[in-house]
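S.K.: So you can see what is in the structure, the chains are spelled out below.
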Amino acid sequence: MTVIERREVALVDLLDRLLAGGVVITGDITLRIADVDLVRIDLNALISSVNDNVPSPFGELT
Amino acid sequence: MSGLRYVYAVCRPFRSALQSQLTGVAGQPPRQLTHHGLIAVYSVVPERDFAEEPLRAHLEDLNWLAETARAHQGVIDALTVVTTPLPLRLATVFRDDSALRTMMESREEYFLRTLDRLEGRVEWGVKVYVEPRPEDTEAPAGKPESGRDYLRRRRLSARDHEYIWQEATEFAGRLHATLSSYAEDSRLHNPQSRALSGAAGQNVLNAAYLVPRGDSEEFVELVDRTKDEAPGMRVELTGPWAAYSFTGEETNEETDEETGDEGP
Numbered sequence: 001m002t003v004i005e006r007r008e009v010a011l012v013d014l015l016d017r018l019l020a021g022g023v024v025i026t027g028d029i030t031l032r033i034a035d036v037d038l039v040r041i042d043l044n045a046l047i048s049s050v051n052d053n054v055p056s057p058f059g060e061l062t
Numbered sequence: 001m002s003g004l005r006y007v008y009a010v011c012r013p014f015r016s017a018l019q020s021q022l023t024g025v026a027g028q029p030p031r032q033l034t035h036h037g038l039i040a041v042y043s044v045v046p047e048r049d050f051a052e053e054p055l056r057a058h059l060e061d062l063n064w065l066a067e068t069a070r071a072h073q074g075v076i077d078a079l080t081v082v083t084t085p086l087p088l089r090l091a092t093v094f095r096d097d098s099a100l101r102t103m104m105e106s107r108e109e110y111f112l113r114t115l116d117r118l119e120g121r122v123e124w125g126v127k128v129y130v131e132p133r134p135e136d137t138e139a140p141a142g143k144p145e146s147g148r149d150y151l152r153r154r155r156l157s158a159r160d161h162e163y164i165w166q167e168a169t170e171f172a173g174r175l176h177a178t179l180s181s182y183a184e185d186s187r188l189h190n191p192q193s194r195a196l197s198g199a200a201g202q203n204v205l206n207a208a209y210l211v212p213r214g215d216s217e218e219f220v221e222l223v224d225r226t227k228d229e230a231p232g233m234r235v236e237l238t239g240p241w242a243a244y245s246f247t248g249e250e251t252n253e254e255t256d257e258e259t260g261d262e263g264p
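Just so you know, the protein sequences line up as chains A and B, in that order.
Per this note's numbering: the first sequence = residues 1 to 62.
Per this note's numbering: the second sequence = residues 1 to 264.
If we strip away everything but chain B, and leave its shape as in the complex, we get:
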C-alpha cells in the first residue's frame, strides 16, 4: 500500500464499528493498525500533499488547515463514541506501516499508562471574556474642551480599564480555582486573540478541564451557575472534547505558564 500514514489517535481495541461513511483527512477513510494491545487509527494520504515540504506549505493555507483540522476532529469525534482515544497532534505523518509500528512499540508503555488515566474522561473548554462596553465602540461625546479636559478623560479611562482588568482576572482566577477543584486535571491555554476568534470582548481565561464523562452534567451546571455572577463578563463553554489537552508528559509544558492563573 503506497502513500503515507496520517495518524489521528492511538486507542485500545474497540468492538463497535465506526460509521461506515466516515472520511478523514484528504477524504480518506480511517483504518486501524493493531500492535499488541493498541491500535493506531490512520488514513493513507498522498505524498504530494503530506510529505514534509508540501505539508509545510499547506499548513500556511488557512483553508487547507481548517479543512484538515475539521477532518481530523471528525475522526476523533467518531472514536469518542466507541472508545476513549488518545489524540495525536495535527499532521503526525509516518512513512509506512513499519515506521508506525516502531513508534507504537517504543511508546507502548506511555500509551497504555495515558489511556488508563484518560479512560472515560472528557475535556471541557471554558473561556471568560470581558464584554466590550458601549463606550469602547462609540465615539466619545464631543471633543475635549481643553488640554486639561483631555487629560482628565485619559486618566479616567485608564483607571476604568485597570479596574475592569483587575475585576476580570479576579473573577477568572476564582472560576478557575472552583472548576479545577471539581475537575481531575486542568490546563491553561493562551488567551485567544480577538482577531483570531472573532469573538466580542477580551479573552482573559482559556482553560481546559478533564472531567469523568459521568460527572459532565454536573460540571456543565457548575459553569452555568457562575455565568450570572459577574456582570460585564461572559463565560463560554465548549465540549465535550477528546482529552487533547491532557495527553501528558509529551505535550508542551508552555501551556502551563499563561496569564489568568492569578486567583487567590
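Next comes chain A alone, as it looks inside the complex:
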C-alpha cells in the first residue's frame, strides 16, 4: 500500500478527538467549556439529529 486514501474526515471521528481529546484548560481566566457533561449533551443532540435523517438500517446485535 503506497497511497493512503483520504476521504473527508467523518464528523464522529473528529468529535472523538475534539471533545474527548486535546488539552483541557480550566480556571477563572477561561470561559470554561470543555468538560464531560458538555460532551454528553452534544452527543445526545447529535444522535437525535442523526436519527431524524438517517435511521439505522440494522437491528441491535446484542
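Since the hints were made in silico from the structure, they are not lab data.
Incorrect hints may appear among the rest.
Unchecked claim - To give an idea of the interface, some chain A residues facing chain B are shown, with a C-beta separation under 7 Å as derived from the structure:
no., residue
1, Leu11
2, Val12
3, Asp13
Because the structure is a prediction, the values reported are computed rather than measured.
Note that the Cβ used here is the ideal one computed from N, Cα and C, for glycine as well.
Using the hints provided, position chain B relative to the given structure of chain A.
M.R.: Below, chain B without anything else, positioned relative to chain A:
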C-alpha cells in the same frame, strides 16, 4: 483589540508561514501570540457567539458544532504541515491576550514537556467493526411453525451472536496488542454508536495510536495486512491526525477504561 480569544493549539515558534487564505472558527484568520518559547494560535471571535452562554447554546446545534469542529481541524491541519501542534480541546476561549498569557505562563513547563514528547509524531485512528450479516437485515424465512420452533430460532440466534461477539473482541484485542507494541502510545476511545457514525456494523474497537511520522507508512501497512485476517470484520484507518488523543495528563482519564481492551 476587542473580542474573545479562541485558541486552537500551542506550539513552538515555526518558520514557515501558514497559508495566507486560511480561516478558522467564525471565519476569522488564525493569529499567533508569542510567550517565551511558545506560541498560541488563536482567532479573535465575537462575544455574541463565543461568550459562555451563547457558546453553550451553539454547541447544542449540530450544524454549528460541525462547522466549528471542521474549522478548528482546518487550522490544526495547517499547523501540522509546519510544526507539531499541541491541540486544545474544542471551544477553549479566553477573555483577552492577558488571560491567554497568564495561562501560557502557568502551564509553560507542561506545554514544553508535552511538545517534546509529541515532536514529529502523528496519531492514527483504527476502528474495528463487526460487519452486519445478511440475516440481520432480511426478514426471517417464514414464520415459526410452533412455539418450539420459535424458541429454537431464538436460541440459535442468541448463540450465534455470542459467538460472533467473542470472535470480534478477540480479534480486536489481538489487533490492539499488535498495534500498541508497534506504536509509542495508544488510547482507547469509546466505541462509536452506529446512530452517530452512520457506519455499517457494530464498532468494537475505536483506538488511537501515536506513531513517529517516519514510521507511519509501516504502521499503515501493518494495519492493512490485518484487514483480511478476520472474515466478518472490517478495519478502518483514519489519519494522520495531530496528536489529539495524546496530550497527556490533562486529558480525561476515562478514555482509558473502555471495552475492547480484552485481548490476551
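S.K.: Does Val12 (chain A) meet its interface restraint, that is, does its C-beta lie within less than 7 Å of any C-beta in chain B?
M.R.: Status holds, d = 4 Å.
S.K.: Under 7 Å, Cβ to Cβ, is where Asp13 (chain A) needs to be relative to chain B, so tell me if that hint holds or is violated.
M.R.: Holds, about 5 Å.
S.K.: Answer holds if the nearest beta-carbon of chain B is closer than 7 Å to that of Leu11 (chain A); otherwise answer violated.
M.R.: 5 Å, holds
In terms of the numbered hints stated before, the structure departs from none.
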